[in-house]
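Single-letter residue listing:
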Amino acid sequence: MLKASKKEEKRFANMQEKRKPPVPLGSNLIRAFITGGLICVVGQAIMEILKMLGIPPDGAAGPTAAILIVISALLTGFGVYDDIGRFGGMGAALPITGFANAIVSPAMEFKREGFVLGLGARMFTVAGPVLVYGLVTSTVVGFFYYLLKG
Amino acid sequence: MQFFWAFVVGGILAVLAQLIVDLTKLTSAHVMVLFVSSGAVLSGLGIYKYIVSLGGAGATVPLPGFGHALVEGIVKAIDKDGAVGILTGGLTATSLGITVAILMGYIIALLFNPKG
Amino acid sequence: MGVYREGKYTLKFTNLPVLAGTYTVAGPIEGQGPLGRYFDLVYEDSLLGENTWEKAEVRMLHEAVDGVLKGRNLRASDIDYLIGGDLLNQITASSFAARDLDIPFLGLYSACATFSEALIVSAMMVASGASNRVVAGVSSHHDTAERQFRFPTEFANQRPMTATWTVTGSGACLIEKEEEANKNLPRLSSATLGRVVDAGIKDAYDMGSAMAPAAADTIKRHLEDTRQVPEAYDLIITGDLSRVGKPLVEDLLSQEGIEVMRVLNDCGIIIYDPKQDVHAGGSGAACSALVTGGYLYKELLNGNWNRILLVATGALLSPTTIQQGESIPGIAHAIAIER
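Chains A, B and C supply the protein sequences, listed in that same order. Counting from 16, one number per residue, gives the positions in the first sequence under my numbering. Counting from 5, one number per residue, gives the positions in the second sequence under my numbering. Counting from 779, one number per residue, gives the positions in the third sequence under my numbering.
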């Protein structure tokens, strides 16, 4: 076996499956639930405050997201958000705060490779795909809406 | 009560994403992409607005809410401007978040260094 | 004539090259680990006051080489060749360190197996009579590796349980021709060069599994070539298979009728405490270098051990091959150290 055949690969994969440390699924899910839930509660609180300040309810989601982005960016700068991510997994990555972390962390990291091709270009390593696929999917959805609306 | 539902809905979305990461070979970046697109599709099917009315920020803050905001913006722009709205509505509706995220990325990168 | 072949893959050295000194530079997490007191220099932060982690890694390697020279009152001009490598693109940490050292430099790459590869090449240089003194040095750095191979260091990513933690540090070894003055020091007696083995693992967060077949292959060939049983060694120690890969090596060798359980250990397992948040263990070229140069060498000097087989292991992946969906080939080079 140098490059394993399909059969050898399978045999090794079986052996490996037996020795693999189990994924701590239960605790991962609980921590994701708590982290994701709490970030959304913070979002809800910001939204309620905005409403009290007179922003119409259906216009509050955007500014709420913006404020969360600012908070997450600061936490990333202070080196806290990666710890939240280590604890909460997708609970930290899935909210808009995770999107902000995905922009801020490479911007900070690759500043050392220059302000244009480092900071500027690498900022979108993870956030770029999110924007690309969000836009592509929503445009397709919008196209069908337009057709069906007739 | 709204806070309770924000917690539950936001938590459940995170749990679904965590399940995919832990049980498949997809990375968190893949799952973020998947959830944005799913949010856009669910929004187009008219389902996501019910999730928003139940969960409030619990539905708008996670990334499917971003997909939902893109589609809502497109729908609104089509109703107002016709076909061109398909191409203008999405970014118009989400420009605040995207611009703030990019600006913050720039500012934070100027002010801070990664801790490692 | 100094070096000859035994069996198919193994090199035997006569007038054994002497491992005349080691110097280890460790990062903060390594310093806090169970072997922290064995390292010669421990830094409290991973940037070392430099403005990039890459520069910090270069300095660690430079200081390791300086340290091993100072330990024996030698200057750079006493060294014939500097042999080593690291994990950065185009092994720049080593070549940048060599830029300031004024010693002819031979750059090597076998990922994290570079340390044993460097020891083997050094031993051949000395045993063949081509040189009197060679320094072998390698480095790795957690943060330079993360930003090159994975995600930015501040990215909120949860690492799976099979993931390993790249060791921050550097180790340098002085290999000398045998003389009256050094004849009681540990020596390098034989080496087995590994084949590249690929068992089809594609998960870049599970390098222990990817490298285990290569380690098992090299250990088996070494024992066959030299006609020894595993217990001929006090310790067979792999480089960075971690808690995931080590039991796989035991399983693979057990299938071949070779039981190594009693003598096998792994540098990546012993360099950290399980309580340190490093998941499956340590990895990186400096993992085997710190454990060998710090801990094992001193235990050999103390007489606690007499014969050790170091089997450093390397995962031969790049960010490009992973993104293109290729599997991860592994390699392992073995070198026997005895006193």
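No lab work stands behind these hints: they were computed from the structure. On a predicted model such as this, the values are computed, not experimentally measured, just so you know. Quick reminder that beta carbons are idealized off the backbone N, C-alpha and C, glycines included. Incorrect hints may appear among the rest.
[Claimed, not checked] Here are some chain B residues pointing at chain A (derived, C-beta under 7 Å): (1) Asp26; (2) Leu30; (3) Ile112.
Now the hints, each set against the structure:
no., hint, verdict
1, Asp26, "5 Å, holds"
2, Leu30, "11 Å, violated"
3, Ile112, "4 Å, holds"
Hint compliance for this structure: hint 2 is the single one not met.
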